[in-house]
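**Q** Sequence:
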Amino acid sequence: RTNECIVEWLCLRSAEAPVLMIVHDIHWIDPTTLDLVQELVARVAKRHAMAVLTFRNDANEPSTSAFPNVATIALGALAHEHMEQLVYHVAGRKYLSRQIVDQILERTGGIPLFGEELTKAIVHSNFVIDHGSHFQANQWRRELEVPSALQDILAVRLDRIGAGRRVAQLASILGRKFTGHMLGFIC
1 RTNECIVEWL CLRSAEAPVL MIVHDIHWID PTTLDLVQEL VARVAKRHAM AVLTFRNDAN
61 EPSTSAFPNV ATIALGALAH EHMEQLVYHV AGRKYLSRQI VDQILERTGG IPLFGEELTK
121 AIVHSNFVID HGSHFQANQW RRELEVPSAL QDILAVRLDR IGAGRRVAQL ASILGRKFTG
181 HMLGFIC
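Numbering (our numbering), first residue to last: 1 to 187.
Incorrect hints may appear among the rest.
[As the list claims (entries may be wrong)] Simulated crosslink set (SDA-like; lysine to any residue; CA at most 25 Å straight-line):
no., residue 1, residue 2
1, Lys120, Ala51
2, Lys120, Thr32
3, Lys94, Leu75
4, Lys94, Gln136
5, Lys94, Asp35
6, Lys46, His24
7, Lys46, Pro112
8, Lys46, Glu4
9, Lys120, Gly110
10, Lys94, Val52
11, Lys94, Pro112
12, Lys120, Leu86
13, Lys120, Gly132
14, Lys46, Leu34
15, Lys46, Ile6
16, Lys46, Ile73
17, Lys120, Gly109
18, Lys120, Ile186
19, Lys94, Ile111
20, Lys120, Arg98
21, Lys94, Gly132
22, Lys46, Trp9
23, Lys94, Ala79
24, Lys120, His82
25, Lys120, Leu34
26, Lys120, Lys46
27, Lys46, Thr32
28, Lys94, Ser133
29, Lys120, Ile73
30, Lys120, Gln136
31, Lys46, Ile26
32, Lys120, Met50
33, Lys46, His82
34, Lys94, Leu154
35, Lys94, Ile73
36, Lys94, Arg56
Quick caveat, the hints were computed from the structure, so don't treat them as lab data. Fair warning: this is a prediction, and the values are worked out from it, not measured in the lab.
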């Protein structure tokens, strides 16, 4: 019933003005939400609306054949030079040694989110020493000791916030934008 209400609401909104529906990371989508998205995409095709769905191109992706009238735009990995720029900016415009940057590039495979999170994990670890304008590898640490998977990096960051972890988990249910009142209601 909830899915029907969401679909009807979106259809009504699209009758008033054009609607853009964006669903990120559908490679992580659960079956119920996938059903909702498929219904929305099918219904908005006949309205003043457009759906943009993002997903990683790997074996776990939902089949794009499940979505009628779909145009697929494949985005490749970022080039090394762009990943290096991303690392520099995420590190607070401070330089990291070539060795550290190379390890980041090797581990992340050009995936921007992974590059951002791995860089944050490194600059907030004791693997590097902050010298103001640059970071230097801590000589006592030879191997990069941060989680190697994006999911693990995010889990470590959530663990660091202690009691705030439960709030973050509940907030993730609400989506990208919500009010303090909404969060207070579910907490």
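**Q** Could you tell me which of the numbered hints above are not met by this structure, giving the numbers in increasing order?
**A** 1, 2, 3, 5, 7, 10, 18, 25, 26, 29, 32, 33, 35 and 36
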